[in-house]
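Please build the complex by placing chain B on the supplied structure of chain A, with the hints as guidance.
Listed here are the chains, written in short residue letters.
Number of protein chains: 2
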Amino acid sequence: MYTGKRALVTGGLGFVGSNLAIRLARLGAGVTIVDPCIKGCGGNPYNVRPVRDRVSIVSLDIADAEQFAGAIAESDVIFNLAGEVSHVHSMQYPERDLQLNTVSHLRFLETVKRIKPGIRVIYASTRQVYGAPDYLPVDESHPVHPVDFNGIHKYAAAMYHLMLSERGEIDGIALRLTNVYGPRVALSAPCQGFLSHFVRRLTLGQGLEIYGDGEQLRDPVYVDDVVEAFLLAGSLREPQSRVFNVGGPEVLSLNRIAGIACRLAAGVEVCHRPFPESQRTIDIGSYASDSSRIRRELGWQPKVRFEEGMARTLEYYRAEWPHYLDPDDLEPRCQLPEHRGVVRRLRYAAV
Amino acid sequence: MYTGKRALVTGGLGFVGSNLAIRLARLGAGVTIVDPCIKGCGGNPYNVRPVRDRVSIVSLDIADAEQFAGAIAESDVIFNLAGEVSHVHSMQYPERDLQLNTVSHLRFLETVKRIKPGIRVIYASTRQVYGAPDYLPVDESHPVHPVDFNGIHKYAAAMYHLMLSERGEIDGIALRLTNVYGPRVALSAPCQGFLSHFVRRLTLGQGLEIYGDGEQLRDPVYVDDVVEAFLLAGSLREPQSRVFNVGGPEVLSLNRIAGIACRLAAGVEVCHRPFPESQRTIDIGSYASDSSRIRRELGWQPKVRFEEGMARTLEYYRAEWPHYLDPDDLEPRCQLPEHRGVVRRLRYAAV
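Which chain is which? The protein sequence lines are A and B, in order.
Going by numbering that gives the first Met the number 0, the residue at position 106 of the first sequence is 105; the numbering climbs one at a time, nothing skipped.
Going by numbering that gives the first Met the number 0, the residue at position 200 of the second sequence is 199; the numbering climbs one at a time, nothing skipped.
In case anyone wonders, no lab produced these hints; they're calculated from the structure.
Bear in mind the structure is a predicted one, so any value in this text is a computation, not a measurement.
Careful, some of the hints might be misleading.
Unchecked claim - A short list of chain A residues far from chain B (calculated; beta carbon distances all over 12 Å): (1) G117; (2) P132; (3) A157; (4) R236; (5) S252; (6) I259; (7) L263; (8) P275.
To be verified - With a straight-line cut-off of 30 Å between C-alpha atoms, the simulated DSS-like cross-links for lysine-lysine are: (9) K115(A) with K4(A); (10) K4(A) with K112(A); (11) K38(B) with K112(A); (12) K112(B) with K38(A); (13) K38(B) with K112(B); (14) K112(B) with K4(B).
Stated by the list, open to error - Cβ pair distances, simulated, as ranges: (15) L135(B) with R295(A): 25 to 33 Å; (16) E307(B) with D133(A): 38 to 46 Å; (17) G167(A) with H271(B): 19 to 27 Å; (18) A265(B) with R236(A): 56 to 64 Å; (19) Q66(B) with H271(A): 43 to 51 Å.
Where a beta carbon is used, it is the ideal one built from N, C-alpha and C, also for glycine.
Chain A extracted, bound-state conformation:
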């Protein structure tokens, strides 16, 4: 489906974006990555090394889409994965989160709809928009009540995609991703979710910590399965729906997730700790996706079970960790060391 097609991948040096870009390049697509590697967002040029000679990289913010209008014009499909994913950062620096997750997407889509009207745009949305679930598993009709700025801002961006699609200006699809894990997730950018934190600690030979009693449920999904969902959404002819949950193949407690991961890493242990204050208010309890819509309408299904996916992930970092861990910064901190600089730079580029 993708051979000879041109794909634009925003956030394409980040975790999911780089895995998608690599897969697209291997399928024979012409790939342009847009990613300025904004501190804290997980972008890492090393991520696309396997296809470095086969992809173009534009080091610009998507808010500056006018400056890469040519790349937009020649694209057949856009995978829009740019943004900041940290819930914790969003509560510390809400305007930064608004800039990265909403303002920039408004500017990007305003440019896209003018330069390439009607183009398919697949947006990386998140299960986070549902907040603390009213029921499990959570389907796409579940009410939206985000528990932090990140969820609000990413929901606004998703609504841009859907509203402009209703108007026929773009052809948008939003994938609401559950917790994604796998190779190429940032380990030096903390606050990227508990799975990235687990991988970091196991890679460093440290034990795992679980907040609360550990009976909270999650349905982790391996990044290759998520990439497959993006590819299917990008090649779908006539979408019946525009919003799809993307959940994992198993629903597991945090205790079980940590137990499997520790067994794979061998020799490390799990301990329980009370919720730190910064995390407590944005905890959402148990979550599990109802992914029946994407199974039915796109024929997607997750193939990689957690044990297998986590084994592959740890294997990746066993060799590659020096590219993902700053040896001077081995203590994770939920702080953006240069956040002031980032905010100041964006302040004058905004609305």
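This is chain B only, laid out in the frame that chain A set:
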């Protein structure tokens, strides 16, 4: 309830805000209005003339809340009605709408929660967040799917209020208002909704135009009833709910609304026209509110029937029209004459 209390009313020189400020002042509250009268948003200092000597007016954008921190600190309750209401403007100038309806509210609430943690804040939300209804009447559980930027941006602001309330940082309530009409609505700022447009034309002795077949339903609510809803929400002790629909006492077709209004104005007629392109894509068909939650939990009910409310409205403008119509600008235009200036000014004040 309000005697001796201090109330801050943002957007307090606008349509609903000024009616609320007048009522609060007459109830014996100390009222501070925050309203910079941004072009196109309906602010008009003349609106509060009846209580001019009894209210303080701060001519600042709510985004600059640090500059009126003292007024926030001494407030007992905040009525947050600042914003731009025009659907059409939002599609023409989406970044302007984002600035006025989202960015500024983020900054405002970040200041409020720091200076006056836990304060009751009642936000003027809108039925527009529901988009084209899936069913009638629309209750608060109806899915959200805004059809324009204005709806997306106002929904994000409402979510700020609710999310910060969940976290205990403010004590927020959002009222989702249906079409409001009454004295003090701007007549020179076009694109403020069809009821304002009708009043304008009748005040000028012009006939009414209806887009489409006129069988679309609405449940117009008179501004005094809306003011009452704000007052009740402001004095509620322990909210069971934080989101309330505020609908009118009758569900009427546009044909019936126009027929009643023309009869009151005497001597003008109704004609039907196809939807103009600028309006077509943001039309939502029929709408009617289910207001049973606010009736039940706040004891509110709308008292003014449309015929009575429209008679009062036309009576108001018969005497006051010179303060609401620029004689050099008697042709309504869905353009903000100075929008470029406004956007440029905001560009550097933003995120």
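Status of the hints after comparison with the structure:
no., hint, verdict
1, G117, "15 Å, holds"
2, P132, "14 Å, holds"
3, A157, "10 Å, violated"
4, R236, "23 Å, holds"
5, S252, "25 Å, holds"
6, I259, "32 Å, holds"
7, L263, "36 Å, holds"
8, P275, "15 Å, holds"
9, K115(A) with K4(A), "15 Å, holds"
10, K4(A) with K112(A), "19 Å, holds"
11, K38(B) with K112(A), "28 Å, holds"
12, K112(B) with K38(A), "28 Å, holds"
13, K38(B) with K112(B), "28 Å, holds"
14, K112(B) with K4(B), "19 Å, holds"
15, L135(B) with R295(A): 25 to 33 Å, "29 Å, holds"
16, E307(B) with D133(A): 38 to 46 Å, "41 Å, holds"
17, G167(A) with H271(B): 19 to 27 Å, "26 Å, holds"
18, A265(B) with R236(A): 56 to 64 Å, "57 Å, holds"
19, Q66(B) with H271(A): 43 to 51 Å, "47 Å, holds"
Hint violations for this structure: number 3 only, all remaining hints satisfied.
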